[in-house]
Each structure stands twice: as structure tokens, then as C-alpha cells.
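Going by our numbering, the sequence shown opens with residue 1, and the numbers climb by one from there.
Bear in mind the hints are in silico, worked out from the structure with no lab data behind them. A quick note: this is a predicted structure, and the numbers were derived from the prediction, not measured. Certain hints may be false.
Straight-line C-alpha distance at most 20 Å; calculated SDA-like pairs for lysine to any residue [what the hints assert, rightly or not]:
#1 K460 x Y184
#2 K584 x S84
#3 K185 x W317
#4 K390 x I418
#5 K185 x R351
#6 K546 x V600
#7 K110 x H554
#8 K376 x G365
#9 K556 x G623
#10 K615 x H554
#11 K610 x T631
#12 K615 x R351
#13 K314 x V600
Ranges between beta-carbon positions, derived for each pair [stated by the list, open to error]:
#14 M409 x L37: 12 to 22 Å
#15 T50 x A290: 23 to 33 Å
#16 R494 x R593: 39 to 49 Å
#17 L37 x F70: 36 to 46 Å
#18 N285 x L69: 34 to 44 Å
#19 F19 x S575: 39 to 49 Å
Every residue gets a Cβ at the ideal spot worked out from N, C-alpha and C, and that includes glycine.
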Amino acid sequence: MLTPIYDPKGLRYSWWDLFRDAYFTFDRRTLGFTRILLGLFLIGDLFRRTWDWVDMFSVEGVLPNHVNLFRRGADNFTIFNAFSTSGELWVLWAVILATYVCLLVGYKTKLAQVLSLLWVASMNGRVLLIENGGYVVHNLLLLWTAFLPLGDRFSVDAMRASLARSKERSAEDLNDRSHVDDPYKPNAYVTILGLVLILQLASIYFFNVVHKTGTAWKNGTAVHYVLYVDRMVNPAIALVREYIPGWAILAMTRVTLAFEASIPVCLLAPIGRVWARRLVIGMMNALHLAFGTTFVLGPFAWALCVFSTLLFGKEDWEVAAQTMRRVHRARVVGFDPTSPGALWACRVLMRMDRFSLLTFEERPGLGGKLTARATKEATEAGATKEGATKEGAAALADIVAALPLGPVMAWKLRLPGIRGLVDAALRAMDRNDFGAVLGLSVPAAAGVAEPPTPLARGKKRFVSVLRELAIVAMWAGAINQAAVELWCINRRIRVPQPEPLKVLSHKLRFLQGWFMFSPNPVMDDGTIVVDAVTIDGRHLNPFTGKEPDFDLIHAKSYEYNQIWSDYFNRMHLGSNSGYRDAMKEYLFRYPERTGRPQDVIVSGDVFWVKDWNPKWGRTDSYGQEQEKVFTFVNPQAQAQADALAKKAGVPAPVAAPPPSVFKEAPPPPHRLAVPREGGEPGTPPQPPQPREPRERGEAPEGAAPVDDPEPPQTPSR
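Modelling step: build the complete structure from the supplied sequences, incorporating the hints.
What follows is the structure, given as C-alpha cells:
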């Protein structure tokens, strides 16, 4: 028999208790905090897509619905195929935003979670040409959190449930906090998803580091090559990258590998769990904040930052409470118990007062006003003079300052202009009996609702069992998908993928290919350049609205966002030639987007222009090449241009070859000299050999593999 364990407080724990708390338990406060960050992240991601909303999803965009529906291998689900016109899509955009706001504030939270998963998976699956690993992580974040009760803390749902469960009508009732939270929903939430989430995060980092077998990772030069991928790098970073010393590049490469290798170990560590998880949170956020600010990777970095917040435990909340609770902010709140509005405000404040810094006292005759004065403890701790009562905006500022994170907002209420506006608003609310306007009333009697019946509790247990079974099913699909997709497995053994498991993984793009920047980072760079001829003879690139720029050697970031960077990177591949007609039609619609008749496109050429990233120790790219991807002609515009040219007696506009550029053959393969300790001072490590043709699924940070070779919508970068 295993010996029981006692903690410093004398509480008895079994080994199962420790295992459960380490791997299967979430804190409901953590889930509420994660929901808020998830809502902010989703809203930010929606606005990120807004500028290209019509270009990507409408029939006037780069991949019209009918092309997407009838492509081979179109087995993933997306509700966006049902929305064609820009008007329909903007209505859908508003609905999605409303859903995300509901998730942010926690209103109808479970419905908002499910709908958010539907919207995200549909957006990410609508145009697979722009999908990368960030979109996959985005999908997985929404999938796994959909099984969690994100609305049980810090939400409108939790507030409404608490107000309905416990009725207060006096100061004595308000000062009793025993019924604020649902006794059937304690802070500890136990679910098999706890272990699943740990394994999911561990697998992301473990397989990423396992697949980094290239020489650039071994000799520490990988970050150098990544910083010079102009289609991915942030323009601000591109301006300063050449000033980063070599030792810093080597250090950043080593730290990246160290973090990716350490995170799985710390996640699974059974000893020192609290500090191990804190270390994971720190490493994940440091790593991905660096990625997210350095490169345009879409949602990859930010999704994993949100993922990391699920690792906060009860110990972290205890530290936060001890750190944020300040006795000098304690206040006595005066209210009139006969005022429905004032009583309702106090009931809400009581539930928001997580630090128990507010004490309520009855003051008949105040009407709808609230007052605030410092408690004796606050006065002793350095607050204002005891007994000095404040009203209006001053009282509201003191009350708000006592709430969690309240000081962030309270100081604004004390500013002269805002203070006057708030005072006027509060007087107007009191004068017009705002509580009655809202239909509020004083409860007939104080009390607490009856506990749920055995039948209701049984129903909840049944739903919980179904939820856990669904988690197991989705995790089985994830394990099978990983075995099929990961190089370190599929190059050794062939794992079958039964159709049911394939549907679970592929329908909403819950993939498991973790090989970012592997085995070597990207060492070449390129983009699409269009040389189109307008009806008035000008040459322009319709994607930029400027003259075609074929000079990649001197580029300091292409300044495209992730959406267009990945679209151009995929469209030059022969495997995606079936989508070029849609691209031509998009180019022909250029004058519709500008509103200028002289921008009508007559003809043009589409080029893939590429170069090689600078060698180690250098800052200049080299070996620029270009290849013509395809030529296009707009017959209707060509006839119109010919007629205009004939009438004017000048030659008709024709496409011209791109300007001659310096071409340099790629360097011959050579062995990589790994820097050795004790070598010659100042001798830099040699660059790795040029990257071989990329294999299916090979991708940079944030990239996802292709699962369907007909056609490979998401080929390697």
C-alpha cells in the first residue's frame, strides 16, 4: 500500500490525488481568464483578415466558391462556401464579430464556443492555399477549449446565474459571500482533457525539435537564414537585421532549440509541477512573442500564447490575489436598500469583489446614489481619513479601485473632464430612477435557491460522460493523424488511417504535422511579380498597384501580410496550376477595385522571382532568378486596346519581358563546417548547403503539411 502524503497544512493526499491534480485538473478561474484572452485573440484575428475579406472569400476573389467546391479532394468543411457576394460576407463578418464578443464577455458561453469553432475552422478551411501551421494550431485551440466550461468564472453567464441563485436585500446579506459561486462548480475542474492538452502541447514542441536535424540548426546559424526570408519577416526587423551580431544569432538559435526541448519535459514533469508549469508559460510566451513580432505567421504565435494560459494553477491565483489585494483600497459602500437600482448595483459589486475589500452598509434616503468611505483598516494602511464620505464619480472611482484590475480604470474616473461627465450621468440616473427604467425591483425575500434535484445532477453526469468520450475520440483521431503525418514516424513505418479517424482529423483540419523550419530553415526566398499591361499602355503589378518590381536582391521585406505571402508562395507551384484561371479573373477585375477605367488589364505575365538568402556572415542576398509561371490575355480588353491604338495611329500595348536581372547559379553543394570550440578567432561557421527540393509537408514556423496530393493545396513553403 502506498503511504499517504501530507502537505504543509496537514491535509492528507493520496498518490491518485497528486496525479489527478497534476494532469487532469484545471482551475475554473484559469478557464475564465483564458476565455477573455481567447475572445480578444479571435477579435484581433478577425480584423487581421478584414482587409482581405472579399479578396479571399467572395466570388470576386482569388478563389471563387465554385472553384473551391469542385476542386479535387475538397473534403474539408467550410460554411463560407454558402456565402458568395461581398454583401453576404459582410453580414457574416458581423455575425462572427458578435459571436466573438459574446465569448469575450461570457454571454451564452457554450454556444459562443461552438460557433467560434465553426467560424474559425470554416475561415481556415475556405482557402487552403493560405493555410499554414498557425491555422492548424488555431483550429486545435478552439477544438480543445470547446470541451471546457469557460463561462463558469468572470462571465456574464456566471454573474446571471449567481444573481438568480442568491437573493440579497440587506447589508447583512451582501456581506455574506458564501453563496457567490455555485457550490456544485468548485474551482477545481477535473477532466481527461487536462492530460490531452498537456500531451498536445508537448507533442508540438517535441516533434518540432526532433525534426530539426539540419546542419543550420546544429551549427547555430538557422536564425540568420530565417531573418532574411523577406516574404515572412516583419518590415521593422528587416531594417535592423544586418546589425545583429553573429554571437546573438548563434545564441538565439540555441535558445530556440533549448526552449523547444525543455517545454515537453517541464509539461510532463511529475515533480515540481507548479514551478515547471510556470517555466513552461514563460518559455512559450517568450518564444512566441518573439516569433509573432519578428515574422508575419498569421495566428500561430498568438494561438500558442493563449494555449499557455491554460497552465495556470490554483497556486498562481493565490499569488495573484496576495499581490493585487491592497488593504488601503478597502471601502465601505453606502446604499439605500429601498432603491432597486442601488441594491442591484451592490449585488453586482459584491460578486465582482474577489478580494473582499468592499463592505456594505445601509443608508436610507440616499435614493439611487452610492457612497464610499475608507475603512479603519484602509486608514491605518495609508488611505484617506476615516469617515470622509465620497459621492458621485469620486465614490465610484474608489469602489472600482477595490475590484480586481480596478486601479487600471479607476484613475481615469478621477480626471477632471471625465469626472464631471460621470457626475452628470450619475445625477441623471438618480433623477430618472434608472433602476425602475430597467425594470429592477427589490427581492421580496432574501434566500438561496434550492440545490439541483438528483435527476438534474444525473443528467449533468450523463452529459459529462458523453463529453469525456468525445474527447477520447478526438484524441484518438489526433494520435492517428500524427502517426500518419509526422516524418519521424511515417518514414519508418506506414500507419493506416481508417476513414472514421481521417474524417475526425481532416474535416475541420485538426492536423498534427509539427516540423516548422525543418530539417533546415528556408534558405531561398521568392514571390509572385505580375507584369500587366493596362489599356493605356502602362505596366503595373495589380497586387501592389505599382510598377512591377523585380529587384529582390535589395528587398527589405516584401511587406505582404501572411495571407498574401502564402498565397503567392503556393501559386507558383505546378501542383496548383488548376487555380490560375481564378487568379487571371481576379487580375482582370482590377479596375473594379480601383474604380479607374484606365486600369483595365489587357495582357501580362506572371513571374516567380526568387533569390538565395545571404550566406552566413553576409547581409546581401544573391542568385536572383525568375521563371514565367503563365501568360494571360484579356480578349475583350485586347480588342478594345487594338481599336484605340488603331484610331490613334500608335502600336497596341503589349507585355514586355521583365528587366534583365543578375542571375547567379546556386552554389554547388558542400559540407557544412560546424563551428568548433577553440577554432580560429573570428572564423564564422560556414553556411549549410542549399536546400533540396522541399518534400510534401515541409514547412517553416507556422506551416502545415498537405494531406491531399490532388492537388496539394498546402504544399511546402
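Going down the list of hints, with the structure as the test:
The straight-line distance between the Cα atoms of K460 and Y184 is roughly 11 Å, inside the 20 Å bound, and the hint therefore holds. Taking the CA atoms of K584 and S84, the gap is near 18 Å; set against the 20 Å cutoff, the hint holds. At roughly 17 Å between alpha-carbon atoms, K185 and W317 fall within 20 Å of each other, so this suggested pair holds. As the CA atoms of K390 and I418 are separated by approximately 17 Å, the hinted pair is consistent with the 20 Å bound.
As the CA atoms of K185 and R351 are separated by approximately 15 Å, the hinted pair is consistent with the 20 Å bound. Between K546 and V600 the alpha-carbon distance is near 14 Å, which keeps this suggested pair within the 20 Å criterion. The straight-line distance between the Cα atoms of K110 and H554 is roughly 51 Å, outside the 20 Å bound, and the hint therefore fails. For the hint linking K376 to G365, the alpha-carbon distance of about 24 Å lies beyond 20 Å, and the restraint is violated.
The straight-line distance between the Cα atoms of K556 and G623 is roughly 16 Å, inside the 20 Å bound, and the hint therefore holds. For the suggested pair K615 and H554, the alpha carbons sit about 15 Å apart, so the restraint of at most 20 Å is met. Restraint check for K610 and T631: the C-alpha separation of about 18 Å stays at or below 20 Å, so the hint holds. Between the alpha carbons of K615 and R351 the distance comes to roughly 61 Å, so the proposed pair goes past 20 Å and is violated.
Under the criterion of a C-alpha separation no larger than 20 Å, the hint pairing K314 with V600 is inconsistent with the structure, at around 63 Å. Checked against the hint of 12 to 22 Å, the C-beta distance between M409 and L37 comes to roughly 18 Å, which is consistent with it. At about 26 Å, the CB distance of T50 to A290 agrees with the hint of 23 to 33 Å. Between R494 and R593 the Cβ separation comes to about 48 Å, which falls inside the hinted range of 39 to 49 Å.
L37 and F70 have their C-beta atoms about 39 Å apart, which keeps the hinted 36 to 46 Å range intact. Between N285 and L69 the beta carbons are some 40 Å apart, a value that agrees with the proposed interval 34 to 44 Å. At roughly 48 Å, the beta-carbon separation of F19 and S575 lies within the given 39 to 49 Å, and the hint holds.
In the structure shown, a violation is registered for the earlier hints numbered 7, 8, 12, 13, in ascending order.
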